[in-house]
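Student: Here are the chains, one letter per residue:
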Amino acid sequence: MKWKVWFGTIENEEIEVSKNLIESFEKASNDEPLPFNLFEYGLKVFQNEKEYYRKLRQVAIESTEKKVEKEIKREDKYAIALVKALEEVEEAINLLKEKLEDLSEIKEDELVKDFKEKIKSLEGLLERIEKEIDDVMKKISPNVTEIAGSKIAAKLLERAGSFEKLISLPASKIQIIGAEKSLYKALARMRRGKTAKIPKHGVIFIHPFIRTLPKSKRGKMARFLAAKIAIAAKIDYFRGEVEEELYEAVRKRYEELRRK
Amino acid sequence: MKEVVRNVFIKSDNTIFTRSKYGSHYGEKVSEGFREWIPWRSKLAAMILKGYRINFKGNEKVLYLGAATGTTLSHLADIIDEGIIYAVEYAAKPFEKLLELVKERKNIIPLLADASKPWLYSGIVEKVDFIYQDIAQPNQIEILEENVRFFLKKGGEFLIMVKARSIDSVADPREVFDRVRRSLSKKFEVLASDSLEPYHRDHIFIHAKA
Ligand SMILES: C[S@@+](CC[C@H](N)C(=O)[O-])C[C@H]1O[C@@H](n2cnc3c(N)ncnc32)[C@H](O)[C@@H]1O
Chain A
0 MKWKVWFGTI
10 ENEEIEVSKN
20 LIESFEKASN
30 DEPLPFNLFE
40 YGLKVFQNEK
50 EYYRKLRQVA
60 IESTEKKVEK
70 EIKREDKYAI
80 ALVKALEEVE
90 EAINLLKEKL
100 EDLSEIKEDE
110 LVKDFKEKIK
120 SLEGLLERIE
130 KEIDDVMKKI
140 SPNVTEIAGS
150 KIAAKLLERA
160 GSFEKLISLP
170 ASKIQIIGAE
180 KSLYKALARM
190 RRGKTAKIPK
200 HGVIFIHPFI
210 RTLPKSKRGK
220 MARFLAAKIA
230 IAAKIDYFRG
240 EVEEELYEAV
250 RKRYEELRRK
Chain B
0 MKEVVRNVFI
10 KSDNTIFTRS
20 KYGSHYGEKV
30 SEGFREWIPW
40 RSKLAAMILK
50 GYRINFKGNE
60 KVLYLGAATG
70 TTLSHLADII
80 DEGIIYAVEY
90 AAKPFEKLLE
100 LVKERKNIIP
110 LLADASKPWL
120 YSGIVEKVDF
130 IYQDIAQPNQ
140 IEILEENVRF
150 FLKKGGEFLI
160 MVKARSIDSV
170 ADPREVFDRV
180 RRSLSKKFEV
190 LASDSLEPYH
200 RDHIFIHAKA
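Just so you know, the sequences run in chain order A and B.
0 is the number of the first residue of the first sequence in numbering that gives the first Met the number 0; add one for each residue after it.
0 is the number of the first residue of the second sequence in numbering that gives the first Met the number 0; add one for each residue after it.
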């Protein structure tokens, strides 16, 4: 068994020291726990304990600094690509389901079975995409995800276009992201002197705290939620640290509206 | 002022500090070699203020999962002043701030890694005496167990912070906590566990021995 460690490899108690410590540090992966204490082998390579940790720390800092910078640049792109994939797979499933219905009305045969299998496998894929969106959003936008759920958080990011753009949006815009079409329609009607309803919520409408309220109170909740999302997005973008109070405030407002 | 845990002091007005050579990291007050430790910002401070103790000697090897921006870690680094802390965090944003701390302290090794994949850092982290976990994930117990299997010495201890809502967003917190405690006590010896109220709502800590 050859064990990969940050300063090289170890096989049959023989140490081969790496020539590029950053590279070996980044590849120090093993399927099973090391059956020995790494530090003891390390002492054979570095003169003493102090030198071992000095070097390890130096390599860790250098490697991590680069990775952090790279990840910050691209992580919102990944979330956005996932949302697009999600929506397209959803669409494909709906389309196949329609066709299946048409077909099975006429004839029940092999082909129908194939359709069913295809749909099932796509639904499996959909689930995996959802799980990945959940994981990614928790990581890159913990506060928005905490108060809005990962699906809404990801869709807001996707509709905004980037993290940077999302944080530049006022709460009133966040509230109706995803309802732009009905907004434009309403505005056009009003311009023609007709009455129209301005939409009160876009993608945030699927939030359980909005959906489960009576219609008359949904607008209020949507406005409150959007305001908190705007704050949460900024915290996520600039600090990335969880603020427990945000969720508490949203939950309180919901309870209030429900009771009234 | 009384030293209740190595380098940790509580004043008569119930404020808590760590003895430290370093400056402020997250806006806490610093004076004459002591850094104020804000219990609303740190679950470990809350636990100690509630009267629980961990017997740190100061030269331990520690694996810290979920370091975030390093608020608690900065104080733990004051406590483990002669040891080494491997600090794992997977989100890049808070890691920027964490790196500031790491550059100041010689006893922290930073790892931008997913704690649910300990094999990825198995050739970096040595066997440790103590694992601290605060990651707010539904499968945090599983993640803990994998890290115990990879890194914790026999007889080593761990301390985990559990937030009810991240394990189960609808169940009654007490029920969630019972479930977690029960599942852990099958494999480990639970030394202490309690809620972190009033500092952290619907959170508990569990201190146990492997
Ligand atoms: C509640 S915060 C930790 C606060 C910190 N312990 C303190 O007191 O200063 C939880 C942290 O765990 C991180 N986290 C969650 N899941 C993780 C995982 N699988 N691997 C690494 N870090 C994770 C999050 O990014 C977040 O920064």
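FYI, nobody ran anything at the bench for these hints, they're computed from the structure.
Just so you know, these numbers come straight off a predicted model, no measurement behind them.
Incorrect hints may have been included.
[Said to hold, decoys possible] Listing some non-contacts, in silico: residues in chain A with all C-beta distances to chain B over 12 Å:
no.: 1; residue: L99
no.: 2; residue: L124
no.: 3; residue: G148
no.: 4; residue: L212
no.: 5; residue: E255
[To be verified] Below, computed lysine-lysine pairings styled on DSBU-like, alpha-carbon distance capped at 30 Å:
no.: 6; chain 1: B; residue 1: K102; chain 2: A; residue 2: K49
no.: 7; chain 1: B; residue 1: K105; chain 2: A; residue 2: K3
no.: 8; chain 1: B; residue 1: K153; chain 2: A; residue 2: K43
no.: 9; chain 1: A; residue 1: K164; chain 2: B; residue 2: K96
no.: 10; chain 1: A; residue 1: K49; chain 2: B; residue 2: K153
no.: 11; chain 1: A; residue 1: K199; chain 2: A; residue 2: K172
no.: 12; chain 1: B; residue 1: K105; chain 2: A; residue 2: K72
Where is the CB? At the ideal position from N, CA and C, for every residue including glycine.
Student: Can you give the numbers of the hints that this structure goes against, from lowest to highest?
Tutor: 3
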